[in-house]
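Student: Let the sequences and hints guide you as you build the complete structure.
Residue numbers (the working numbering), protein chains in the order written: chain A, 3 to 924; chain B, 384 to 756.
It cannot be assumed that every hint is accurate.
Stated by the list, open to error - List time: in silico SDA-like cross-link candidates among lysine to any residue, alpha-carbon distance up to 25 Å: (1) Lys715(A) with Gly488(B); (2) Lys461(B) with Ile714(A); (3) Lys520(A) with Trp192(A); (4) Lys497(B) with Arg701(A); (5) Lys152(A) with Gly103(A); (6) Lys497(B) with Tyr694(A); (7) Lys68(A) with Val407(B); (8) Lys715(A) with Leu532(B); (9) Lys497(B) with Thr716(A); (10) Lys715(A) with Thr525(B); (11) Lys406(B) with Ile846(A); (12) Lys497(B) with Glu696(A); (13) Lys661(A) with Gln542(B); (14) Lys406(B) with Ser373(A); (15) Lys406(B) with Ser834(A); (16) Lys304(A) with Ala493(A); (17) Lys152(A) with His753(B); (18) Lys461(B) with Ile871(A); (19) Lys661(A) with Thr617(A); (20) Lys755(A) with Glu587(B); (21) Lys755(A) with Glu592(B); (22) Lys406(B) with Gly417(A); (23) Lys715(A) with Lys497(B); (24) Lys406(B) with Ile845(A); (25) Lys497(B) with Ser713(A); (26) Lys461(B) with Gly866(A); (27) Lys715(A) with Glu527(B); (28) Lys304(A) with Asp486(A); (29) Lys152(A) with Gly589(B); (30) Lys715(A) with Ser622(A); (31) Lys755(A) with Val407(B); (32) Lys152(A) with Glu592(B); (33) Lys520(A) with Asp508(A); (34) Lys241(A) with Asp260(A); (35) Lys406(B) with Glu756(A).
Stated by the list, open to error - Derived Cβ-Cβ restraints for the label pairs, each shown as a range: (36) Ser620(A) with Asn701(B): 19 to 27 Å; (37) Arg146(A) with Val740(B): 50 to 58 Å; (38) Pro553(B) with Phe832(A): 42 to 50 Å; (39) Pro630(A) with Glu544(B): 20 to 28 Å.
Hints were generated in silico from the structure; no laboratory data involved.
Positions of the beta carbon are idealized from the N, C-alpha and C atoms, including for glycine.
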Amino acid sequence: MAETQNVGMNDAESVARLEAVSHAYGASEALQDINLNVPAGCMVGLIGPDGVGKSTLLGLVAGARKLQQGKLQVLGGDMASSPFRREVSPRIAYMPQGLGGNLYHTLTVDENIGFFADLFGLSGAARTRQIDRLLDATGLLDFRSRPAGKLSGGMKQKLGLCCALIHNPELLILDEPTTGVDPLSRQRFWDLIDTIRRQQPSMSVLVATAYMEEAERYDWLVAMDSGAILATGSPAELKLKTGTETLDDAFIALLPEDRQEFVSGGAGGELQLTKDDGLSEGVPAIEAHNLTLRFGNFTAVKNVSFTIPKGEIFGFLGSNGCGKTTTMKMLTGLLVPSEGEVSLFGSPLDARDLATRQRVGYMSQSFSLYSELTVRQNLELHARLFHLPPETIEPRVDELTQQFGLAEVMEQFAGDLPLGVRQRLSLAVAVVHSPELLILDEPTSGVDPGARNRFWSLLLRLSREDGVTIFISTHFMNEGERCDRISLMHAGEVLACDTPAALVRDAQADNLEAAFMKTLEAVDEEPPGQGDGKVLSADDSSPQGHRAFSLRRLMAYARRESRELLRDPVRMAFAFIGSALLMMILGYGITLDVEDLAFAVLDQDQSPESQDYITAVSGSRYFVEQPPISTMAELEQRMVSGELSLALSFPPGFGKDLKSGRSTEIAVWIDGAMPFRGETILGYIQGLHLSYFEDLILRTYGSEPTLSLVSIKTRYRYNQEFRSLDAMVPAVIPILLIFIPAILMALGIVREKELGSITNLYVTPVTRLEFLLGKQLPYIGFSMVSYASLVLLAVFLFDVPIKGSLLTLTVSALLFVTVTTGLGQVISAFASTQIAALAATAIITILPTVQFSGLTEPVSALEGFTALIGLFWPATWFLEICRGVFTKGLTFGDLQHAFLILAAFIPVLTFLSVALLRKQGR
Amino acid sequence: MMESLGTIWNLGIKELRSVWHDKVLLIFVLLAFTLIVYTAGSAGSMELHNAPVAVVDEDQTVLSGRVIDSLQQPWFLKPDLVSLSQIDEMLDQGTHTFALVIPEGFERDIRSGKVSSLQLDIDATRMTQAFIGASYIEQIITTEVAEYLETGSSASTLQVELITRVSFNPNLEGTWFGGVMELITEITLISIILTGAALIREREHGTVEHLMVMPVRPFEIMAAKVWANGLVVMLAATLSITIVIQGVLAVPVQGSVLLFLFGALIHLFSTTAIGILIGTVARTMPQFGLLLILTILPLQLLSGGITPRESMPDLVQNIMLAAPTTHFVSMAQAILYRGAGLEVVWPQMLALAGISVVFFSLSLALFRRHLAV
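Tutor: Have a look at this one:
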């Protein structure tokens, strides 16, 4: 009893409790034996360099990652238990790393937030009030109908926060929410959090951050390094404990000695910035005159000019989306300016000139290295691509490894690295060929302070010792201060350009940050939130996530998926035109009537009798005569080349023998390379032979001979004219309705895995069944549109009438596309990349449908394994219905069994997909 | 020049590593060239095989029994004896393609020299089986009746005998055909998927942009993708033809496997170029998937590999002359089935090479323009 009491007491004061928690990704350990009590009702910060396990820990607490080892209690319950996770998920909110990681980029602000409101079961007036209040507080009210992908970084993060807060959570988990966000937006973001916390003192906030100055304002900190906890306590406590002035220093002091130098960035501070006198002489490294770039009506960059002398560090500061990246891309030649010109090293920029590229190093804002290669492979690849002499590659790679602290991760895949380490790698790659000019687009975004220090000391060395010109954009003001000159940019225009000291002086501010804020606030259009209004209301967001199945959540996913689908013109066009086009190709192209076969004759007789026979053969519509053959060798050769499908040979004396009633023979060679065609030719020539002699006897003797006493009256049912189209068209519909829906469905799910929005499945109350069914509905609708266009085409263009009931056909089509999309879902469970999903679905669906579903031979004729595939393949049954209704005029009653079997696939596939889909990440 | 070759080589190695890294993809490539080729080969294709027949025997005599027994495997399944009223339902449900009705007095009529009529109902929705099967049944029954009569008049035999020889595949075995055709399909499909998707992946991950600020030409990027992904497919194809087709399926390949692989190599230049073409046009992976289907189906179905080319409308035949698969299929059939040598297939090889050059240049031009934006 004492023990339970103890637990109860702990629950009251701690929001999360970790006992001996360890976590590993493959062989690399992210967390080692963590024991931690996170106090409730306060703002708790996780601090530490990149890759020490902060994100992993947050993911575990949020329930987004599956607990591997140890015990984890969150909000008083065991996170290893899935019923508890389901119950607790409406009380937790989680914002993953990266800008807009949990958002859907083609959806508008309103649609994104509405989606989350539905997931958490908000409805009616309360839903509207809650959304309006959040949008108002974040200043997003005026941008409601703008797609999330077109928001600036700061606004994306605010929208992400709105979506996370919609259900008024008790625990808010933020993973580096302000990384890559400009200072002004960052300021506003934290003001918003403060306001919310003032209004909701009971809410606990758990944040990971790389900004030590932000950590100063938290209540309680957890200092982490190498998967372990160094110390916990308030910022003041930590500073007191280590006897240091700043949190930065306190953190360094907490580290074991061998890590101190590495994490702090070493001797970075010692290298003093000295103005090089010779700097401005000679040809400038970059000259830009009146650069302007327009995308349609939108002017991204307006009239930007600057001159940067060799060896200068030129900083580029500005809010998110102000045109910094666009300007940099124009300097590299990736974008061609609409107006104005750029000169690099005195000559006009020529994007095609490879020699210029050899002198420039560029690092783009988003990680753009090969995630499937290891760190070493990435470095070596780029060294080779820049044509470094082979013998210098290894020393160069070692040198960079040293400089950028990559030694420990050399053999890891770049994709598995934490954000900050990736940035270091990108930078190492950008300087691998020792360029004269470095263009760096937010290179330190998401990099921990120590690494940034090291990085800047390297930049300084490059600039001062090697005379490398550096053009760099950043959101860190302390980095701006280290530049020789900086330029402040906003909305595509340069507001000011001077040395940091001069800018501070001109703005009459205390420091660069204040100068920056002042300059920007004067021109910024984003209205600040009305801070005074209540951001959240408990009355309006009573979560109801406990229900095991909620139609509302299902429909939320269905609506969202449909919107994404509707906004993709290629996919929409395909629904209407693509499948119709394919049907035309298949319908007209595939005909099983074998006609116009090439034949030639080796006539060793040259008698009127042989000529008469040849005329009869060439007169049939099946055969077309080619120039005669003169020798056996020629016959062989022409058969081998495939020119002839049939060769006839008349022996010498054929005509004489025939006239005198002696028995004789005609030899025939048939090309059997294609068995079906061979069979058909054989049938044709035998029939021709028989009818020729019947006719000959009739002509000669005037009476019809009785060649056989048995006559067989054949009746071709369902397709009296034996028209290929009538048989093919009903068979093409099942083929097209299996490929396309299955592929789109599989990609629809795997895409979420690849782009990261699958996290919403992990941390919201939505169940796997709701997720799968919700995503399936739009694709079923989409496929039914395809179906309609196929049927219209069949009836009106191909003139193949539906003899049975259209309703029966439509109902079966609905069942069938439900099954085929379900098939796509099952396949998606195994694939983690879109390309794998694509290949897998194509391979898995094409063969059984074409070979084993009764397209050419009935399933009853298959044997063994293939017969089993045929029986358990949905296309078999839909093909039967399709043919039955189209050509045989069958009714629902006749096809009952096929309907039942088709329907039986649905629960089986759904069950399989649910079982195979994971509700938590690894 | 040497630098350029070095770049192509290094980028190609990177491509190979990417393929190697995606294990699921790799497994499916392997499956495509082994299991799928095997099942396609062992399933047989469109020749008459195990056709299900239903027989209504109203005669119940020795002769009717002999007629029924004469419909044998592998062409026909053992006939099911049914009553007249069941025929419609069986054909409707598609369980049987043929229904033969032997009328009462069949044997009596034949013995007394009168012509007797059998009725054969055929489900014509199964085009291939229906047509071939009908002529088989007619021939088998005629022969059976003639043998039964033995002593009968010689009027039933013709003076001129037709001696038929089926070249290259005397027993018209489907295994020979299905496996090889599937291999050809997979070579085209997998090479387009690998190359195109590799390009889309680079774009979705922003690495193409990264390449464009390095001293790397679009030609080099493309050439690297072509050789690396082409190599993967070549390896898989070699494995498939030697181990699966010649080994497990025991198909007697007539001509030189090496010559076939050489032809496949030329073919791969155009298919990988098509992959890049689609990858350039498509913005996202789902779009790539759709365009892929739109390309691959006509390339395969209209190439002459599934249905004979001469039966297609002239317009389709002419358009398909521009498709690499048409020439590849006809070359592969000539080499593998008919044992043709270089002296026979050089025109196809030349055509393939020409088409490859055209597709490669077209892709390159588009790819360049795409990167320039």
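Student: With reference to the structure, classify each hint as holding or not holding.
Tutor: Do the hints match the structure? See the list:
Using a Cα cut-off of 25 Å, the hinted pair lysine 715(A) and glycine 488(B) holds, with the two alpha carbons roughly 16 Å apart. With a C-alpha separation of about 20 Å, the suggested pairing of lysine 461(B) with isoleucine 714(A) holds against the 25 Å cut-off. The suggested pairing of lysine 520(A) with tryptophan 192(A) holds, with an alpha-carbon distance near 18 Å, which does not exceed 25 Å. For a cut-off of 25 Å, the pair hint linking lysine 497(B) to arginine 701(A) stands: about 24 Å separates their Cα positions.
This hinted pair checks out: lysine 152(A) and glycine 103(A) have alpha carbons roughly 14 Å apart, not beyond 25 Å. At most 25 Å may separate the alpha-carbon atoms for a hinted pair to count; lysine 497(B) and tyrosine 694(A) meet this at roughly 24 Å. Distance check on the hinted pair: lysine 68(A) and valine 407(B) sit about 22 Å apart at the alpha-carbon level, within 25 Å; holds. About 21 Å separates the Cα atoms of lysine 715(A) and leucine 532(B), which keeps this hinted pair within 25 Å; it holds.
Proposed proximity of lysine 497(B) and threonine 716(A) is supported: the alpha carbons are some 19 Å apart, at most 25 Å. Restraint check for lysine 715(A) and threonine 525(B): the C-alpha separation of about 13 Å stays at or below 25 Å, so the hint holds. Note on lysine 406(B) and isoleucine 846(A): the hinted pairing holds, with a Cα-Cα distance of about 17 Å set against a maximum of 25 Å. Restraint check for lysine 497(B) and glutamate 696(A): the C-alpha separation of about 19 Å stays at or below 25 Å, so the hint holds.
Straight-line distance between C-alpha atoms of lysine 661(A) and glutamine 542(B) comes to about 10 Å, which keeps the hinted pair within the 25 Å bound. For a cut-off of 25 Å, the pair hint linking lysine 406(B) to serine 373(A) stands: about 14 Å separates their Cα positions. Among the hinted pairs, lysine 406(B) with serine 834(A) is consistent with the structure: their alpha-carbon atoms are about 10 Å apart, no more than 25 Å. In summary, the hint linking lysine 304(A) to alanine 493(A) is supported, as the alpha carbons are separated by about 8 Å, within the 25 Å threshold.
Taking the CA atoms of lysine 152(A) and histidine 753(B), the gap is near 22 Å; set against the 25 Å cutoff, the hint holds. Using a Cα cut-off of 25 Å, the hinted pair lysine 461(B) and isoleucine 871(A) holds, with the two alpha carbons roughly 22 Å apart. With a C-alpha separation of about 18 Å, the suggested pair lysine 661(A) and threonine 617(A) falls inside the 25 Å cut-off, and the hint holds. The hinted pair formed by lysine 755(A) and glutamate 587(B) meets the criterion: a straight-line CA distance of about 14 Å does not exceed 25 Å.
This hinted pair checks out: lysine 755(A) and glutamate 592(B) have alpha carbons roughly 24 Å apart, not beyond 25 Å. Proximity of lysine 406(B) to glycine 417(A) is assessed by CA-CA distance (about 15 Å); at most 25 Å being required, the pair is judged to hold. Pair hint lysine 715(A) plus lysine 497(B) holds up; C-alpha atoms about 16 Å apart against a cutoff of 25 Å. Between lysine 406(B) and isoleucine 845(A) the alpha-carbon distance is near 16 Å, which keeps this suggested pair within the 25 Å criterion.
Among the hinted pairs, lysine 497(B) with serine 713(A) is consistent with the structure: their alpha-carbon atoms are about 11 Å apart, no more than 25 Å. At roughly 16 Å between alpha-carbon atoms, lysine 461(B) and glycine 866(A) fall within 25 Å of each other, so this suggested pair holds. The suggested pairing of lysine 715(A) with glutamate 527(B) holds, with an alpha-carbon distance near 17 Å, which does not exceed 25 Å. Taking the CA atoms of lysine 304(A) and aspartate 486(A), the gap is near 24 Å; set against the 25 Å cutoff, the hint holds.
With a C-alpha separation of about 18 Å, the suggested pairing of lysine 152(A) with glycine 589(B) holds against the 25 Å cut-off. At roughly 22 Å between alpha-carbon atoms, lysine 715(A) and serine 622(A) fall within 25 Å of each other, so this suggested pair holds. A threshold of 25 Å between alpha carbons decides the hint, and for lysine 755(A) with valine 407(B) the separation of about 15 Å falls inside it, so the pair holds. The suggested pairing of lysine 152(A) with glutamate 592(B) holds, with an alpha-carbon distance near 20 Å, which does not exceed 25 Å.
Distance hint between lysine 520(A) and aspartate 508(A) is fulfilled; the C-alpha atoms sit about 11 Å from each other, no more than 25 Å. With a C-alpha separation of about 21 Å, the suggested pairing of lysine 241(A) with aspartate 260(A) holds against the 25 Å cut-off. Restraint check: the Cα-Cα separation between lysine 406(B) and glutamate 756(A) comes to about 16 Å, which is no more than 25 Å; the hinted pair holds. The hint said 19 to 27 Å for the Cβ distance between serine 620(A) and asparagine 701(B), and at roughly 23 Å that hint holds.
In this structure the supplied range 50 to 58 Å holds for arginine 146(A) paired with valine 740(B), their Cβ-Cβ distance being about 54 Å. The supplied range of 42 to 50 Å is met by proline 553(B) and phenylalanine 832(A), whose beta-carbon atoms lie about 43 Å from each other. Checked against the given bound of 20 to 28 Å, the beta carbons of proline 630(A) and glutamate 544(B), roughly 22 Å apart, stay inside it.
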